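Asker: So you can see what is in the structure, the chains are spelled out below.
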Amino acid sequence: MRTLLIFSLLVVGLAVSSQAQTAQVTLATSAQCGMCKSRLERDMLFTPGVKKVVLDLETKGLTVWYNAGKVDLEGLRKAVNRIGYDADASPADPAAYEKLPACCKKGGMDHE
Amino acid sequence: MIFRAFALLLYIGLGLASALAQTELAGRLTVAGSQPPVPIAYARVAQVGTATGVLTDSAGYFRLQLDPVRPMALVFSAEGFLTDTLRFNHALPGDHTGHALDFQLYPASMTRELRIEYRRRAAAALTTTAQQTELITSRELTKAACCNLGESFETNPSVDVNFTDAVSGAKSISLLGLNGVYSPILIEGMPLYQGLGRTYGLNYIPGPWVGSIQVSKGTGPVVLGYESLTGQINIALKAPTDERTLLNVYANDYGRLEANLNHHARLSPRWQATLLAHGSTVPGAVDRNGDGFVDVPLSDLATVFTKLKYQGEGGWQGQLAVQALREVRRGGQALAYTSDDPAVVAATYRLRTETTRVSYFSKTGYVWQGRPYQSVGLQTGGTYHDQTGTYGFKTWQGRQWRWNANLIFESVIGDTRHTYRLGLAYQYDRYQEAYNGLDVGRTESVPGAYGEYTYQPTERFSAVVGLRADLHNAFGAFATPRLNLRYQPWATTTLRLAAGRGYRTANVFAENSPTLTSNRAVVLSEALRPEVGWNLGGSLVQQFTLGLREGSLVLDYYYTAFENQVIVDYDQDPQAIVIGNLAGRSRAHSLQAELQWQPLKLLEAKVAYKLYDVRAPFGGKTEQVMLTPRHRGLVNLAYELRRWRLDGTWKLIGAQRLHPFAEHHPGFVLRENAPGYTLVDGQVTWLPAERWELYLGVENLFNYRQPNPIVDAEAPLGPFFDTSYVWGPILGRVVYLGLRFTVPSKPQTNP
Numbered sequence: 001m002r003t004l005l006i007f008s009l010l011v012v013g014l015a016v017s018s019q020a021q022t023a024q025v026t027l028a029t030s031a032q033c034g035m036c037k038s039r040l041e042r043d044m045l046f047t048p049g050v051k052k053v054v055l056d057l058e059t060k061g062l063t064v065w066y067n068a069g070k071v072d073l074e075g076l077r078k079a080v081n082r083i084g085y086d087a088d089a090s091p092a093d094p095a096a097y098e099k100l101p102a103c104c105k106k107g108g109m110d111h112e
Numbered sequence: 001m002i003f004r005a006f007a008l009l010l011y012i013g014l015g016l017a018s019a020l021a022q023t024e025l026a027g028r029l030t031v032a033g034s035q036p037p038v039p040i041a042y043a044r045v046a047q048v049g050t051a052t053g054v055l056t057d058s059a060g061y062f063r064l065q066l067d068p069v070r071p072m073a074l075v076f077s078a079e080g081f082l083t084d085t086l087r088f089n090h091a092l093p094g095d096h097t098g099h100a101l102d103f104q105l106y107p108a109s110m111t112r113e114l115r116i117e118y119r120r121r122a123a124a125a126l127t128t129t130a131q132q133t134e135l136i137t138s139r140e141l142t143k144a145a146c147c148n149l150g151e152s153f154e155t156n157p158s159v160d161v162n163f164t165d166a167v168s169g170a171k172s173i174s175l176l177g178l179n180g181v182y183s184p185i186l187i188e189g190m191p192l193y194q195g196l197g198r199t200y201g202l203n204y205i206p207g208p209w210v211g212s213i214q215v216s217k218g219t220g221p222v223v224l225g226y227e228s229l230t231g232q233i234n235i236a237l238k239a240p241t242d243e244r245t246l247l248n249v250y251a252n253d254y255g256r257l258e259a260n261l262n263h264h265a266r267l268s269p270r271w272q273a274t275l276l277a278h279g280s281t282v283p284g285a286v287d288r289n290g291d292g293f294v295d296v297p298l299s300d301l302a303t304v305f306t307k308l309k310y311q312g313e314g315g316w317q318g319q320l321a322v323q324a325l326r327e328v329r330r331g332g333q334a335l336a337y338t339s340d341d342p343a344v345v346a347a348t349y350r351l352r353t354e355t356t357r358v359s360y361f362s363k364t365g366y367v368w369q370g371r372p373y374q375s376v377g378l379q380t381g382g383t384y385h386d387q388t389g390t391y392g393f394k395t396w397q398g399r400q401w402r403w404n405a406n407l408i409f410e411s412v413i414g415d416t417r418h419t420y421r422l423g424l425a426y427q428y429d430r431y432q433e434a435y436n437g438l439d440v441g442r443t444e445s446v447p448g449a450y451g452e453y454t455y456q457p458t459e460r461f462s463a464v465v466g467l468r469a470d471l472h473n474a475f476g477a478f479a480t481p482r483l484n485l486r487y488q489p490w491a492t493t494t495l496r497l498a499a500g501r502g503y504r505t506a507n508v509f510a511e512n513s514p515t516l517t518s519n520r521a522v523v524l525s526e527a528l529r530p531e532v533g534w535n536l537g538g539s540l541v542q543q544f545t546l547g548l549r550e551g552s553l554v555l556d557y558y559y560t561a562f563e564n565q566v567i568v569d570y571d572q573d574p575q576a577i578v579i580g581n582l583a584g585r586s587r588a589h590s591l592q593a594e595l596q597w598q599p600l601k602l603l604e605a606k607v608a609y610k611l612y613d614v615r616a617p618f619g620g621k622t623e624q625v626m627l628t629p630r631h632r633g634l635v636n637l638a639y640e641l642r643r644w645r646l647d648g649t650w651k652l653i654g655a656q657r658l659h660p661f662a663e664h665h666p667g668f669v670l671r672e673n674a675p676g677y678t679l680v681d682g683q684v685t686w687l688p689a690e691r692w693e694l695y696l697g698v699e700n701l702f703n704y705r706q707p708n709p710i711v712d713a714e715a716p717l718g719p720f721f722d723t724s725y726v727w728g729p730i731l732g733r734v735v736y737l738g739l740r741f742t743v744p745s746k747p748q749t750n751p
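Protein chains in written order, with the working numbering: chain A, 1 to 112; chain B, 1 to 751.
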């Protein structure tokens, strides 16, 4: 019972502490398709300080919740670039872009 | 904030400032292609980027305030329909009056297949089905590198997998604390493994073939048949959308080798083909516990599955699938496989089974032109199963011819709030069975008809009422009523209720392998009647957000009561298995709690607890069913890194009741109850490059073993030799290594 109590306190504590200093930003990206969404949402989490990532495929907007003490806006854009996508005005890393599957490249979802 | 301000500036710049007060958009949503238009009631219409939206009214009309700083795009979603998005350019369509926007959605049933969307969460409790259903995705299946279906449930808290006896290696599953025979295993909705195929059936579906598994609890739709009492397990095999090619090889430390090849091809825009192939072998005798018996039978298995799928013009579609299989298993005393002396071999206890199986299913469907909510489908399935076995001095031969057909008509009454299905079904089973030369065969022929009505007044509520009547050639007519209710008081809370009746006939030898492998005499005390039971239960799924991360809590309770059950009694006589109809009460209570959440970024945790109270009359007393633990627990952790995945599972199996015959087995250490124990499994997956996965894992890390799985293993031809006391692992720790090479499927292009 005591373990359970300590455990619950720990969980709540983690939740509260993670919320305390969370900043949120939406970056415009060059994402194309569902595969880009899963890639960006997964790979961005490996960036230190990033807590949660959601890509809206309609707007190509990547919303990032992050710890502003660990990473800044420029760092987030660079992280997106390293995965192979443009972030706002900052262009994708060419080598990473080349490695993307065909459908994730710019215009990859146009079938006309 | 900056983003919003920027969007606002842009908006003003576009010269639409006059409409700065929110613009209202009105419209109507109907079923695509319907003539006259059939409205879709209570569909959700929302502007992209906003959390809320509006619901259409019963005639399909909606009014929506557009937020000018949000994307000019609308998402339309309704249960049973494919979600669609409408994007418009700078100018807003429509005006402030009338229903300017007409939009149509395509029914999800047009695809006929369950669409499984990408989910970050590996396993999920579905919130939209009327029956409580868990989805085990292929991602979840790779957490424990399962050789076959029996091992696919390692990380699933609802399904338990048990050995059926100490020598054959056969496994059975249980759901709600009751034997898996009360929850049919369906392959893409088809009951191919019912009957004799259940004995080793879990070995016959290799893990790499499995695309996803739906585990449904409680009684379900009448369309799927009358046999389901505790639930059903539906296996979706890998499809072209899962991969193009998969190559998998696996080896473990007791010598099991396995190879799998999956390939999918698009033959033409209308034809698709799938080929799944598997071969495995356990070539050598392994006896780690030193009881003289092999811990795992030697085996050779080869099986191939192939499926052709056709999407025709004018609403026609069809598929045809065939599985062929051949397996030889050899078990018993290790000496039989290690000695060169024919006289020594001849004196050993040997087990040998040979199985040949061919099964097929076909599905054809037609969707009315101009009425896409109306369809007719015909499903047929057939199996030929031939198994011969020798078990020491016992022999068993079983042959089964099975054929079933199901004709389903589906339509709506007025609009999509009222849908119904009507059907005709037929099931034929011919069993040619010989137990020690004694003919125990039978033939069953069961025509039936059913109707099912679904009422869905809002997206938050649905009720499914089904009634089925079948006529059994030997046991007469019987009715199968079913009811499923689903209510979502809030978006994050789902409540369900299920009630219904199940009916089946038992195959006592195939379902109770100790009748073959132990030296207990089998006493069939009377003519067996069908097993009939009622199930009532409910569940709560609560989704929550803790900090930034999501989680879910699932609570469920189910109660099963039998009108008649085939009671297999090991308690009455220490040297017999007495099989008869239920005389007394047989009841099962099952309670389960499961919590899933992410305690840390990229760490998924799952904690589950189950309580089973399952009682039936044995040896004149109503007792907890033997080998059914009252308590079970599970903790699963999955951590994901860029190139690594770590998975760990801890399982608690509580004390289990054994047969009360310690005094009848002089000299053997037997207990009234098997002790509770825990098992730990772990796996590391390495992704060195795209397409490649290498995994190394361990099952039963702390090498926990049941001390004496076989009673009187020294005298396998003697009267005390008994294989039915298996309550724990026989083999101990297993280390395995595997490799997967996947060529992903090309993304679907919209025609």
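Derived from the structure by calculation, the hints contain no laboratory data.
Mixed in with the good hints, there may be bad ones.
On the chain A side, residues computed to face chain B include the following (Cβ under 10 Å) [to be verified]:
id: 1; residue: D43
id: 2; residue: K52
id: 3; residue: E58
id: 4; residue: T59
id: 5; residue: W65
Now the in silico label distances, taken between C-beta atoms and shown as ranges [said to hold, decoys possible]:
id: 6; chain 1: B; residue 1: L553; chain 2: A; residue 2: A95; range: 22 to 32 Å
id: 7; chain 1: B; residue 1: P447; chain 2: A; residue 2: F46; range: 50 to 60 Å
id: 8; chain 1: B; residue 1: Y366; chain 2: A; residue 2: K106; range: 37 to 47 Å
id: 9; chain 1: B; residue 1: V607; chain 2: A; residue 2: E74; range: 37 to 47 Å
id: 10; chain 1: A; residue 1: K106; chain 2: B; residue 2: W534; range: 36 to 46 Å
id: 11; chain 1: A; residue 1: G69; chain 2: B; residue 2: A561; range: 23 to 33 Å
id: 12; chain 1: B; residue 1: P707; chain 2: A; residue 2: F46; range: 24 to 34 Å
id: 13; chain 1: A; residue 1: L57; chain 2: B; residue 2: Y106; range: 46 to 56 Å
id: 14; chain 1: B; residue 1: L553; chain 2: A; residue 2: A28; range: 48 to 58 Å
All values derive from a computational prediction rather than experimental measurement.
Ideal Cβ placement from N, Cα and C applies to all residues, glycine included.
Asker: Indicate, hint by hint, whether the structure satisfies it.
Answerer: Going through the hints against the structure:
A distance limit of 10 Å between C-beta atoms decides the matter here; for D43 of chain A the minimum to chain B is near 7 Å, and the interface restraint holds. Because the closest C-beta pair between K52 of chain A and chain B is about 4 Å apart, less than 10 Å, the hint holds. Hint on E58 of chain A holds. Least Cβ distance to chain B is approximately 4 Å, under the 10 Å limit. Interface hint at T59 of chain A: satisfied, since its Cβ lies 5 Å from the closest Cβ of chain B, which is below the 10 Å cut-off.
Annotation: W65 of chain A was flagged as interfacial toward chain B, and the flag holds, the nearest CB pair being 5 Å apart, inside 10 Å. Taken as a hint, the range 22 to 32 Å is violated for the pair L553 of chain B and A95 of chain A, whose Cβ atoms sit roughly 44 Å apart. A hinted range of 50 to 60 Å holds for the C-beta pair P447 of chain B and F46 of chain A, which are about 59 Å apart. At roughly 41 Å, the beta-carbon separation of Y366 of chain B and K106 of chain A lies within the given 37 to 47 Å, and the hint holds.
Restraint check, V607 of chain B to E74 of chain A: a C-beta distance of roughly 40 Å satisfies the suggested window 37 to 47 Å. For the pair K106 of chain A and W534 of chain B, the beta carbons lie near 60 Å from each other, so the given range of 36 to 46 Å is not met. For the hinted restraint 23 to 33 Å between G69 of chain A and A561 of chain B, the CB-CB distance of approximately 60 Å leaves it violated. Between P707 of chain B and F46 of chain A the beta carbon distance is about 47 Å. The supplied range of 24 to 34 Å is therefore violated.
Between L57 of chain A and Y106 of chain B the C-beta distance comes to about 19 Å, which lies outside the given range of 46 to 56 Å. A C-beta distance of roughly 37 Å is found between L553 of chain B and A28 of chain A, which places it outside the suggested range of 48 to 58 Å.
The structure fails hints 6, 10, 11, 12, 13, 14 (numbered hints given earlier, in ascending order).
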